[in-house]
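Student: Okay, here's what each chain looks like letter by letter:
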Amino acid sequence: MAALLLFVSVSKKCVKCKEAPAALVIRAGDAYCRLCFKDFFIHKFKAVLGKNRIIFPGEKVLLAVSGGPSSCSMLRQVQEGLSQKANKKLRFVPGVAFIDEGAAIGQSVEERQRTVAELQAVFQATGFPFYILPLEQVLDLPASVVATNPSPSEQPASAYKAAVHHFVETDGSNFPRPQEPKKTLLPRVQESHTLMLQQLLGSVKTLTAREELLNTLRQHLLVHTARTEGYSKLMLGDSCTRLAVKLLTSISLGRGAQLAQDTGFSDSRYGDIILVRPMRDYSAKEVAYYNHLFTVPYVVIPSVDTKTVDKASIQRLTESFVTKLQTDFPSTVSTIYRLQLHTCFMHISALNISCVLQVSSDSLAVKPSTFFEASTADSSLWVLIAELSVLHLYYRLPETTRLKSLLCYSCALTVRDMVSDDVFDPFMHEL
Amino acid sequence: MAASIAIHLEFGGGAELLFNGVKKHHVTLPSQSEPWDMKQLLVWIQRNLLKERPELFVQGDSVRPGILVLINDADWELMVSTGKLCLLSECVCVCVCVCV
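These protein sequence lines map, in sequence, to chains A and B.
Numbering follows my numbering, in which position 65 of the first sequence is assigned residue number 65; successive positions increment by one, without gaps.
Heads up: take any position in the second sequence, counting from 1, add 431, and you land on my numbering.
The set of hints was computed from the structure by calculation and includes no laboratory data.
Keep in mind the model is a prediction, meaning the values are calculated, not measured.
The beta-carbon is built from N, C-alpha and C at its ideal position, and this holds for glycine as well.
Some hints could be false.
Looking from chain A toward chain B, a few residues come up when the C-beta cut is under 10 angstroms (computed) [stated by the list, open to error]:
(1) A23
(2) A47
(3) R53
(4) I54
(5) L325
Next comes chain B alone, as it looks inside the complex (with noise of 0.2 angstroms):
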């Protein structure tokens, strides 16, 4: 049984208008089984934090193209390619919305 965790999330470029045009949040994700990973990360801000038009944040799994991901200033998408990604307390997650 995991422990619950602490992560701050950024979001940038646009992508705040979803989120009632706060920059910043420093949220708890419950304790659950297994370590949480980026894909029910999404599905929690969905559920908890985005404001208005999911279709512009998420897109199946993962978030709507033109929006850039970095975790711990790393992009997402080295990461996604070597295997499962498990999200640990205090990790900073950056949303900035690329797309022009």
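Here chain A stands alone, though its shape is the one from the complex (with noise of 0.2 angstroms):
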């Protein structure tokens, strides 16, 4: 006998709609029927993006995807919205980037092929063009990628509505038409840059900071990309969940001055790359459930805290505490998200920022090519970084007070946690 239904039934109905059985709760208590959560769902998405008015029509839009359910997530409402049937259809340009970091996690050569592999076909089946970048490239980025370069032309608000005017007028005609993928190989990695990425991470003591280091390699990396191959915007798929998280994290590590563009919807401290968050929105609870109803597909890739206890880091441990209190208070999330609303309106620009790792938000910091006025100027940011860990460049460095002025209290963190106690500490008694 086929018994498909269960036999308690539930009772509860969608909040929206009055009629179908509920299917899922979400936030606190809201429980909504299939349909509903899916209109709803598709709305969120382009509502955001709608209320800013920050990505104009026919911009190239980079899209950081990491294979992880919420980025997939995110590449589909942009394959949703810019299709041909789709209500309000989205206007611009996507590409999509995915920065394979099987080095920090350790993985053979094959498993990374095998991954890559993977989401080429999912990023192929989208028919945008997209970026396979190993982070072993981050090794080789000028040191002005954290620069802030000067935004291309100041966009008043009213710019915004002539800009749509204007392309629904010329149906599209004038701007970039999405471009054809290109046959992009998988590039090939040296083993050179391998050992020395696994190097500098691998000099990192604690877990903590490695996070940190990884997520500060990952956004660089992102951004260079965008501004080599013409993008003005650069989504993330960070969910609200995930930024939640973020946000208290961020203050335990001391980076409590730059929260507000770090866990923020948009992020314009490089000046002519602005960051989106359009899944800030997003419980990952919701994420997953659509995913899962929608058939969205994912790659799950372990990270370097994958299966690790709670106290294996800060990141780690934040993540225990919030998702745990979440299930006994689901307005758990959300509230953590309105503090970040709070933090926007404190004048935070008026704190000097500056730091070599970080893009500075002070117009008058330190700049990074002063950091290598004293050594070799031709070399990576990154490369010097990896051989600080094995310390042979710090005694070409000058004086240092300098140091000080170089990093954020945040980043000096990360850096100590690097170079053995004896060669650092000179340099902590200054911070």
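The task is to assemble the complex, starting from two chains supplied on their own in separate frames and drawing on the hints.
Tutor: Below is the structure:
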């Protein structure tokens, strides 16, 4: 007997249509049926982009996809939003960037190729141009990646409406056409580069600092790719849950001053590239349910903190704290999210945050180029940091007090974890 | 005496890493005097399918916070409050790891 129905019927009805039985509980007790949930999910994506009016019609937007559920869901929303039959079509030109971090987690070349092949199939199915970036490429980046470039032109609010009007009138014919996806060969990675990257990451003693370092490397590579390939916006797939964890973690790591831009909807510190987080209103649960219902393909790639215990790093501990609290108090994540909105109104730019590893929010900050004046000016920033970890570069650095002006508090803590105490201690006293 | 029931189990979002990377399992639960419920299913999964780190999947009588459980595409959380949940044959239970 094919008994497909459960013995106990779901008595709760959808809060929206009040007819169909509820299928999912989100936020603090809102139960939605399948169809209402789908509408709610799709609508939210378009609404957040439309409300913020930050992506202009015809603009080139790079989607940073890690392969995880959130960023793959974002990719699907973009795909659906751009399709011909969409109601209120999205109007930008997307590209996809994926960073292969296999080296960071010690994957073999074969394992990395397998993961990349899986994701490549997903990207090819979308028809968007895509870039597979091995994390090793970050070692070749020039120091200018952390510079704030001037933004192309100041766009007043009225320019958005005019731009949309113009696009609709000309039927989009004046704007760049979506490119044909290039036949991208999987880039070959030199073993020496992999070893150098592993040495850089291995020199970091704590998992907390290693995760922070990875975040920084990732962001630099994405911004650099966006700049070189001509994209003006970078879309990141962080969900509300992840940003809530990131917010609390930032405070613990001494990055409180940067938290408005680190976790907000948009981050314009790089000037010419604006980071946008359209998934920030979706909780991880909503994303997981949507992905399951509509079979959104995603590839789970272990990261440095996968399967670690709660206390392995500050990030892990915060994630565990928030997740457990959310189970008993379903408004935890949204409360933390509202905290972020409050910090936007604080005049955080008044604090001089200048840092060689992070883009500065102060125009008078120390430019990264001065860091290299006394040392080899041609080396890339990351090669220098990698060499820092084997110490010999330290003896070529100028006076010790320079380090204080080169790094923000949070990055200084990360770098401290990389070098041995007897070399770093004199610098730490200065901070 | 309830007959043994066959159910489909699916693990996703990273939860499959605890099951040797195998996402779909078609299992047959042995017959027992009372109907099977979720608590018993979790114990069964822990004993028979889970390959490592039980504390990352199960916590007490339930799944660890951060794991979404769907039964026939409906949120388990919706059913828990309405009393004892009984599993019947051919139902599909999906456990997706949701935490970041």
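Student: Compare the structure with each hint and give your call.
Tutor: Comparing the hints with the structure gives:
1. Below 10 angstroms, beta-carbon pairs count as interface contacts, and A23 (chain A) has one with chain B at about 5 angstroms; its hint therefore holds.
2. Among the interface hints, the one on A47 (chain A) is violated; its C-beta lies about 23 angstroms from the nearest C-beta in chain B, farther than the 10 angstroms criterion.
3. Using the Cβ-Cβ criterion of 10 angstroms, the hint placing R53 (chain A) at the interface with chain B is not satisfied: the shortest such distance is roughly 29 angstroms.
4. Nearest Cβ of chain B to the Cβ of I54 (chain A): about 25 angstroms, over the 10 angstroms cut. The hint is violated.
5. Nearest Cβ of chain B to the Cβ of L325 (chain A): about 8 angstroms, under the 10 angstroms cut. The hint holds.
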